[in-house]
Amino acid sequence: MNFKGTLPTLILEALAHEPCHGYRIAQQIKERSRGVLDFKEGTLYPALHKLENEGLVESYEGVEKGRPRRYYRITKSGRKVLSKDRAEWRQLSQAVTVILGEA
Amino acid sequence: MSQLASHLNMNGRNTDKSNLDAWLNQATRHLSRDSAAQVRAEIQEHYQSARDAAISNGETPGQADRTAVAALGDAATANCQYRNVLLTSAEARLLREGQWETRAVCSRTWLKSLLVAMPVAALWASAALFLGGQSELGRTLFVGGLTLLVAFGAPMLPIYTPARARVFRRLKYVLLAVTFALVFGTHALDWSWLLACSVWPLFWIEWTRASIRRKIPQARWPKHLYL
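Residue numbers (our numbering), protein chains in the order written: chain A, 1 to 103; chain B, 1001 to 1227.
The following block holds chain A by itself, in its conformation from the complex (with noise of 0.2 angstroms):
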């Protein structure tokens, strides 16, 4: 499915809970979808440096199973973000809904 330009929520959103590296995000979004929000995963790591560079989010070294990994992390400014791109979002899905239904 296309979900062309909410890519950046869906990432603030997987690292709401927990820092992630990069491939551990694109696995939350494709499970937390059930599948069916499903993108090419090179099309993240572009996607998270754009995020990084409005410091919406910030990345350190980590080490998973002895291998160093790039972890991120949200910011403060990036919960104020993802809670006005929620807000946006359901106001958005509702006015669709209510579009479709009536069609």
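Calculated directly from the structure, the hints in this document are not laboratory data. Yeah, the Cβ is synthetic: ideal placement off N, Cα and C, and Gly gets one too. Treat the hints with care, as some may be off.
Claimed, not checked - Not close to chain B: a few residues of chain A, all C-beta gaps over 12 angstroms, as computed:
(1) Ala-14
(2) Lys-40
(3) Thr-43
(4) Leu-44
(5) Pro-68
(6) Lys-84
(7) Asp-85
(8) Gln-91
(9) Ser-93
(10) Gln-94
(11) Thr-97
(12) Val-98
(13) Leu-100
As the list claims (entries may be wrong) - Which residues of chain A face chain B? A partial, calculated answer using Cβ under 10 angstroms:
(14) Ala-16
(15) Pro-19
(16) His-21
(17) Glu-41
(18) Ala-47
(19) Leu-48
(20) Glu-52
(21) Glu-54
(22) Glu-64
(23) Lys-76
Here the structure of chain A is known, so what remains is to put chain B in place on it, guided by the hints.
Chain B only, in chain A's frame:
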């Protein structure tokens, strides 16, 4: 037989490794050396996790390699997206050269004094010439003084916030327009081709700087990015 299987498997692995390398080569095209290294590291980490997961799901190493590379998607699309968020080689070069210039000026007191004294002297001289009735020469010196002031004086101005930087840049553009108007007067339109040719490098630098400002957090901006 097992040697042959192992050999075939190895060849398959090499092909897929070269698939990943080909993917990475395309995804990192025109990126700066640091950006490319960063992309390679994160994609290789990702690929390794995806490959391990595919193997634990029962795929053979060769199939797992192919699955992991295919999951990354189109390398050209990724390259386009990376170039929007990471420094390209041209941007990294501009950043390096700008830092060198700023350091060269700001670390030498005599050079700093000279670069401030030159435009100030030119402006004083132009004022004196205007008062003496030599308006043509006075105008030329005034324009020269203003240009030198913007070019050399900027690194020494207290511009450390994006708001001040925006004001400075607007003033700079206005000053450039005024300089052009003063030099060519009523023939400005006739000489617009010269303006287009001479201002093009400036526009390119401004455009590149704007792009760099989007890609680097403000806390890491060097002085010349504000200007």
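Evaluated hints:
no.: 1; hint: Ala-14; verdict: 15 angstroms, holds
no.: 2; hint: Lys-40; verdict: 2 angstroms, violated
no.: 3; hint: Thr-43; verdict: 6 angstroms, violated
no.: 4; hint: Leu-44; verdict: 8 angstroms, violated
no.: 5; hint: Pro-68; verdict: 8 angstroms, violated
no.: 6; hint: Lys-84; verdict: 20 angstroms, holds
no.: 7; hint: Asp-85; verdict: 19 angstroms, holds
no.: 8; hint: Gln-91; verdict: 28 angstroms, holds
no.: 9; hint: Ser-93; verdict: 26 angstroms, holds
no.: 10; hint: Gln-94; verdict: 31 angstroms, holds
no.: 11; hint: Thr-97; verdict: 30 angstroms, holds
no.: 12; hint: Val-98; verdict: 34 angstroms, holds
no.: 13; hint: Leu-100; verdict: 30 angstroms, holds
no.: 14; hint: Ala-16; verdict: 21 angstroms, violated
no.: 15; hint: Pro-19; verdict: 15 angstroms, violated
no.: 16; hint: His-21; verdict: 7 angstroms, holds
no.: 17; hint: Glu-41; verdict: 5 angstroms, holds
no.: 18; hint: Ala-47; verdict: 8 angstroms, holds
no.: 19; hint: Leu-48; verdict: 8 angstroms, holds
no.: 20; hint: Glu-52; verdict: 8 angstroms, holds
no.: 21; hint: Glu-54; verdict: 8 angstroms, holds
no.: 22; hint: Glu-64; verdict: 9 angstroms, holds
no.: 23; hint: Lys-76; verdict: 15 angstroms, violated
The structure fails to meet hints 2, 3, 4, 5, 14, 15, 23 from the earlier list, while all remaining hints are met.
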